[in-house]
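Q: Chains as they are written, first to last, in the numbering used here: chain X, -7 to 66; chain E, 136 to 582; chain Z, 38 to 355.
Derived lysine-lysine pairs resembling DSSO-like cross-links, with alpha carbons at most 30 Å apart:
#1 Lys342(E) / Lys271(E)
#2 Lys177(E) / Lys281(Z)
#3 Lys527(E) / Lys17(X)
#4 Lys545(E) / Lys(-2)(X)
#5 Lys372(E) / Lys241(E)
Far from chain E by the CB rule (all over 12 Å, computed), these chain Z residues:
#6 Gly68
#7 Lys75
#8 Phe89
#9 Gln150
#10 Pro201
#11 Ala205
#12 Gln220
#13 Cys289
#14 Cys291
#15 Ile295
#16 Val301
#17 Phe309
#18 Cys310
Source of the hints: derived by calculation from the structure; they are not laboratory data.
Cβ atoms here follow ideal geometry from the backbone N, Cα and C, with glycine treated the same way.
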Amino acid sequence: MVHVYKGSLIECDPPTKQFVLWISKQEHFDVIDIDETHLFLQGGDERSMNAIQRRLDELQNENTYSVFDKDVDK
Amino acid sequence: MKIFEYLSSLSQNELEDLYQDQWTCKAILRTLPPRAKQYILKMLMIDYPIPISSAKEWTSSTSMQTHKEALKKLFDLKIILLNRSYQQSVSDSIRLNPIYQDNIKKSLADMNQTVFTTQKETNKAPTIEALDAFSKSQWEKVLYFLSDEQTKPSPLISELLLTADLTKPDNGSLSITSEGFKFLLKDVYTQIWTLLIVYLNNNTPEKKKDLLTFLFKLSFLQLGKGYLVSNLNDLQKELLMDLKQFGLIYMVSNQSVAFYPTRLIISLTTGKTLSLFQNIAAEREISQKEQGYIILETNYRLYAYTSSSLQISLLSLFVKMLYRLPNLAVGIITRESIRTALIHGITADQIIEFVRHNAHPNAVNNGHPIPDVVAEQIKLWEAERNRIGYTKSVLYNSFPTTDCYNATVKFAQEQDFYIYSNDSNKTLIVNENGNDPIRTFIRRNFG
Amino acid sequence: MENNSIANNIDEDDDTSLLVIIVDCNIYSWGNREKLLKEGTLNDEKKTYITFSKFLEHLMVFINAYLMLNQENQLSVLCSKIGKSEFLFPNHTANDPLYSEKTIQEQILHKLQNMDLNNINETEERNISSSFSAAMSMALCYISRIKKATPTIRPRIVVFNVSPDVSAQYISVMNCIFSAQKQSIPVDCCILSQTDSTFLQQASHLTNGVYLKPQNQQQLTQYLLSTFLIDTYSRKFLAYPTLKSVDYRASCFCHKKIVDIGFVCSVCLSIFCKYSSSCSTCGTKFSLKIELPKKTTTANNTTTVIGGGNQSATASTK
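Chain X extracted, bound-state conformation:
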């Protein structure tokens, strides 16, 4: 019996994929692992996509050092 899932395909690089997998456990949405660079987000609604994007942005910000944006970050 073939299983059918509706949602969205996420394509990204391997580290980002691992990060999304980690988020999915915390934010409680289901993903199906396809291969190194692809994930399938079940039920892909706006909420989960925004959540992923938001967490990703936070991660980027944490790992960037910027001299002139010091006053903005702190």
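Got chain X sorted already, so can you dock chains E and Z onto it with the hints?
A: Same frame as chain X, now just chains E and Z:
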């Protein structure tokens, strides 16, 4: 170019209506790339269709791609008509649209071409610098309103901005949309055409045609000369008032005898700023004032030699401004400032194009209008936000047999639903539209 | 608002050009043609010849088409008449302040009508040759001037020719041609006379210009519109008629005759058909004695005669 897209969107009947006027045909000819212009001239005196293969002989063999593109442009504008031949041995033939052809021929044979009657030379005529200053200030008023919401534009302009989706109503006042941001960074001719197209579409079709013809006629006028208003018809007089608000023509008052075209309207159809080679010394000074003002350094610092609040507020869309001096504004491009711009909907390409466009002549002459480092970094910051690609789709896995899987993949590829598949997991991902067809396929063949 | 990259403008998709038209207004050539046409004794080929007034009509359509192509196209028209060349447009000697209000065509016709096409001075010899070299030089000077003001413009010269070549002008014409070649100014030639013109053949071949002798002159407009309007930018990718073989034989400097074999001064490379003791161009004295052995022609027509001193007779023909 904006005008080309607009014209291509009209129907054949509308275009042929437009081509009834000589000046329109000539103005449209000028907007075409050089190759297309030469093709039109070659076919001008031929009244019968010629095979497409003979058109290939006009061009060198290495530039076939541009040859096809030029022909396509002419087809889109319905300047060339294609006669498809349904026989194997006879190739398709092309010929110039007879209406267009006739009008161009007439205008070539006409030795006394005047668009509108000129006014006699008077001392009260505004100088070219005054005209340039007027058109600049008028147009900037429009842009100020977009970027800075405190100035109040005329009702016509605000209505146009709303219809063009550049502003949206927001708790009673208007605020700028992401389209509006992109609009601000484009060059002035694209901006004017965007608003003009909205203005034209607001009118009835007959009026639209007359207005377009009038606009094209205006591009043939000479800068610095006055033209009598009395010889225009009522519709054109009405349009004059509106064009004054855009800064395209200048009139001393609404009851003036004469109107003066500005550089903007004359350059409008070609999209290149007219330089008026005849008056070269004055030209050099004028064009220097309006030339680029931005110097961008490899340490991400940006120096803008301008005192115009408009330009500074445009820059602050994506630059963190640090200091403001009487003739200079200093800022720095940071990750945050670019991210704010990106979140508003501006793309990295637009930012880079804007800086390159307005680069200071010193920077241009030294060969580096925008340092590669900074350009790459802006693109990288944009890519940072796009690490993940989303595609709405449907996933199939747990196929009973490998054959079933392979057949379904093949079916999906043939029907154009296929997005991705993984052979080791036997997982297939297809388009949303493909869900039902694929389910029926599986049920029918393997159910 | 957009002129900030003047250096880059040359590479853009831009066909702005400066066109200088040289019209041959030799009244003898045109008058001869009218006479022949009236007599009606021409064979088929010449039946299609056009008169000067008809030619002007074709020219006006050509000018209209050129100005229509691009808003910034510039034009200048020169006429080479007997003894002198003059600018038909732009008219520098116009006294009338309203002159500039007229259209270009009106200005050209006005100037032509008021011009004295026959410069015959009673004390001078009868001269029936048009001053083509003067016209070319004036055209090149004008182009230089305009180029100084706007460096990015692309100049071009178009010549309409009905008179035969004047061998006395050989040196000056060749100098003009080399100067045009150096500045990459194509010289396009439209031959309306019966015979080809060697000067113009060399001009258009050296400068990558168009060379055309229309077979049916009554349809001159069609030829003009489809070939002579191709601007310098478009020549990179559009096909246009040129010559395959050109007669590059030189003329001697003393008698202006075409020579196959002659004498060359080894200092300034001027060509002479007869031996002389000094070079008339640079004044070099040649050694007095020179032996002239029999001239033998080899397969490719080169002959080398080595004499004493500075003069050697070497010539080659293509």
